[in-house]
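In the order they appear, the protein sequences are chains A and B.
Mapped onto this note's numbering, the consecutive letters of the first sequence carry residue numbers 35 to 915.
Mapped onto this note's numbering, the consecutive letters of the second sequence carry residue numbers 901 to 1009.
Please note that a few of the clues may not be correct.
What the hints assert, rightly or not - Each computed DSSO-like pair below joins lysine-lysine, with the alpha-carbon atoms no more than 30 Å apart:
#, chain 1, residue 1, chain 2, residue 2
1, B, K965, A, K99
2, A, K99, B, K918
3, A, K648, A, K676
4, A, K52, B, K965
5, A, K763, A, K648
6, B, K939, A, K52
7, B, K965, A, K656
8, B, K939, A, K41
The hints are simulated quantities; they were obtained by calculation from the structure and are not laboratory data.
Chain residues, written in single-letter form:
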Amino acid sequence: MMRWTYKLPLRFRSLFRKERVERELDEELQFHLERQIEENLAAGMAPEEGRYAALRALGGVEHAKEQCRDQRRVNFIEDFVQDLGYSLRKLRREPGVAMAVALTLSIGIGATTAVFSTINTALIRRIPFTEPDRLLIGLKTRNGTTGSGLVAGFDYLDYRRLGRSFDGLAALTPAGQQTVTGGTEPWVAEASRVTSNLFRVLQVNPVAGRHFLPEEEARGGARVVLISFALWQNRFAGSSTAVGSTVNLDGSPHTIVGVMPRGFRVFYDADLWMLIDWTRSRGATNRNYHNYYVVGRLKSGVSIQQAQHDVDVISRGLEQQYPASNKGKGLRLLDLQGYMVQDIRAGLLLPSAVTMCLLLVACANVAGLLLARGQRRMSEMAMRSALGASRGRLVRQLLTESVMLTLPAGLLGVGIAHVFQNLLLRLLPMDRLGINQPVVDGAVLLFALLVSMVTGLVVGVVPAIRGTAVGPSPRLGTGKQVFEGSRSARLRSGLVVMQVAISVVLLIESGLLVRSLALLSTVNLGFDPNNVLTARIQMQVPDHSKREQLPAFFTSALEEIEGLPGVESASLIDKLPLVDPGGDWEIRRADRPRQSDQDDYPAFARSVSPRYFKTMRIPLLKGRDVSKTDIVSTPRVMVISKTLARTLFADRDPVGQMVEVHLIDSPYVRYEVIGVVGDVRVNDLRGEGDPAMYLAAAQRGDNEMRVAIRTTGNPSRLVEPIRQRLRQKNRNVLVADLATMDSVLDDALSLFRVVIQYLGLFSGIALLLGAIGLYGALAYHVSQQEREMGVRLAMGATRANVLLLVLGRGLLLVGTGLLLGVVGARPGTTLIQQFLYKIQPLDPSTYVGAVLLVGVVATMACFFPAWRATRVNPVEVLRSE
Amino acid sequence: MSKPTDLVQGTLDLLILKTVALEPMHGWGVALRIRQVSKDVLQVNQGALYPALHRLEQQGWITAKWGESANNRRAKYYSVTPAGRRYLNQEQANWERLSAAINLVLETS
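Looking at chain B on its own, in the form it has when it is part of the complex:
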């Protein structure tokens, strides 16, 4: 079995932002969603997930609220702030430009 691709530094923030931008979600949910959407290609390192969430929260890109989970447990739900949404759009555009550029290079050479 090939190792799941390690996430490039900085891309984890982008993925988390994108995920919680869809709907408020707790940490476990974020990890699960990323894994599912990427069809098990992207494995979020759980040790890095929570520091990343807390960092984004401290930077004001996301905000947290306690709520009830599906099985009636209290859980911390993260949602994106307006500033975070703008930041996400900007970072996503950057990413698209970067990956397009890398693709161009890979295809031509």
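The shape of chain A in the complex, shown without the other chains:
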């Protein structure tokens, strides 16, 4: 027979027929004792003596029984149930401890859970495409380094034609905002141009209609379009007739052939997908125009290294064939999943670190609390030990108790996680993944449970081991208070020091951020954002032949806006400062020979209408503003910023000088500098003196502009009149994003604010917990030393002496913690370096401020226990001995 046929019934009996098993154990040992007594009597002992000798030989009946029970292998379950009941009773008697522990830990656990659920959503769950392991992204490299990684159209076509490793290689590029007309009112949609095979490569099927067909791409971009689920819902009410219907895109009719699933997204948001027209797109025909994202699906069984080798061969072929454009150019293949989450991975570093700090503080706090509680229960433990409980058994009971404390904390923590998560989400570019909301799912709940249990064990294990380190005899029967062992006291001091140190680190980091924000919000922008209303105006042009009408339209639109009451002046710019970044071109002096790139300087190019500088209150330092007479037929002119003027024309007056601008399609265009204006933060709030060139909008003919309107009163009152006026003027004009410049700038700082909120909140909590921990440790110390204080007072010590004694002890801990924190803060700043503005990572005033704040709070926490020590009544304490 197998062993388990014996074992199983035994376990079963032990668990469910416990009384009978116990009776049998009793009977068995009784039998043994009787035999031993008989033998002792036969050896000539007195009856009493024989009985005691027999008991001694067995080593105590209860002890023997307990050891026999330990063999049953179900003790563990039984004890657990017993411990559970005991812990619950104990907690009911000490609701204060339970509450304190639950609250403290729930904050730590909540924060950790929030970070986990975000990590779970972003990094662990895969991107929402079939077989994501086979998906890759191809990034252009030049001499081994990757810039934006976008690939030139013709290069892409060669890789697609010659590549042997791919099931498909697709390209896509954002096509900006397209005005859709034909209905009652024009609307704007983000468009994307893609190759016909993109959706097959990603293996995403439309929810209605079909994909693009390869022959549609071959025909040079058939007039077909796929629309997003959101667009389908909002503009077509999810109607099935949407597929097959026609919309006007940029003036020409397109047929909707399909609807993509909800939330479908690759690299950037889009509502419309159109085909790339390789025959007409100017970027497509130029190997120097790198504009396309390339994604591919590996053939099954082909590794990414093999595919890389494959494309390297193609790249070398292209280098030889087109040395002018393809010298040193290559294509680097990366796992798509890894590429898409890399920003989030980096973004999670700070919250993870901060959260771990917080959890650490919370754990230290609770461990300190439990240590003190364990000290008070020393005699209880000694009693249990004397009654036959082994040390392991006691440790297990204490651990059960601490886990019972942390489990409700975990439950609370899940709720708190929800709050933290909203903060966290605003920190991370989660929408890039097409996943917008991490949810509390099974995995997250399991994680919270695990963290709570592990936390319970971690905070419980040291107090449990310290608290049971007593032999039974010396502590028993004295009835005296058990004094704290020095090792345990050191341990609790260490925990307090750690809490203080972590609070200091977190406060220093937040301080650096707050100081940066303060500096950033008082930065001299170079323009006056108050009382400025901005909007985006887009004019629908049926075809390119009517482009010449655009400047006239915008000019008359401006005149109408300026005619409105309350408007001081209005003007146009293609990209608002700070709001629309990018757009830097190369500029050089025309009077120098065109030999190398060394004379080319990057500067931000902006198209402006007359009076832009006046509207934005940007000082005109020299020369003149762009005027109404600067039109297509007159020589090209530009106004340059002070910094650019200094860079280009350090030796002469820039006004009247000629410059050349390097454009993508036509290499060099000559402009005359007509004026110099003050520096403005054009691209980035941090970029002091961004070099800028302002071109005459009328000479460029953009169809989409930003309008900036300086008003005399509250700008928001003008929103509706402006919208109506423009709508009346032309049915095909679109007005969007009406907002005051102030609020637009505010948005630019919002990420920064969120980081500060996150760090500030956490460091505040850590400080609070640290102060509570310090208070608890000292209060406990004082209660332990009451007798000593009493004796000191009786011997003539003044109350001030006693106060200083206790305070000194507390401040020693605080001082050590502060020192460690200051040392630890420096490495921590690397995580927030990217957010710092004009603040050195070792900014002395921040350090001093944080140390002072923690010092003051900590001293207050020390003061109350110290004051209580002076209230000890010596007579009472000494009499109680």
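Since chain A is already given, all that's left is putting chain B on it; use the hints.
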């Protein structure tokens, strides 16, 4: 009087198994038998005997049955299971190899 030799950890299990392998026996009997057979050299620590018996029972090497003792008292009789007998043989072989090896070392040096 010299102290009875303490039993090496693990050897108690071996001795109990061997003893109950001869015939079903109660705890007291096991202790008595070991003492007698070893000519009073091996004194089973009574405090350790019952936990050991229960452990072997829980591990399925021995099984227990209640029966009548010589003087008509109910007693718990342990007997070896087939698996226990195999285990005993294996452990006994191990022990013999070990003690032979120790003897070799002691005799040569």
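>> Tell me the numbers of any earlier hints that the structure contravenes, in ascending order.
In response: Going through the list in order, the structure violates hints 6, 7, 8 and respects the others.
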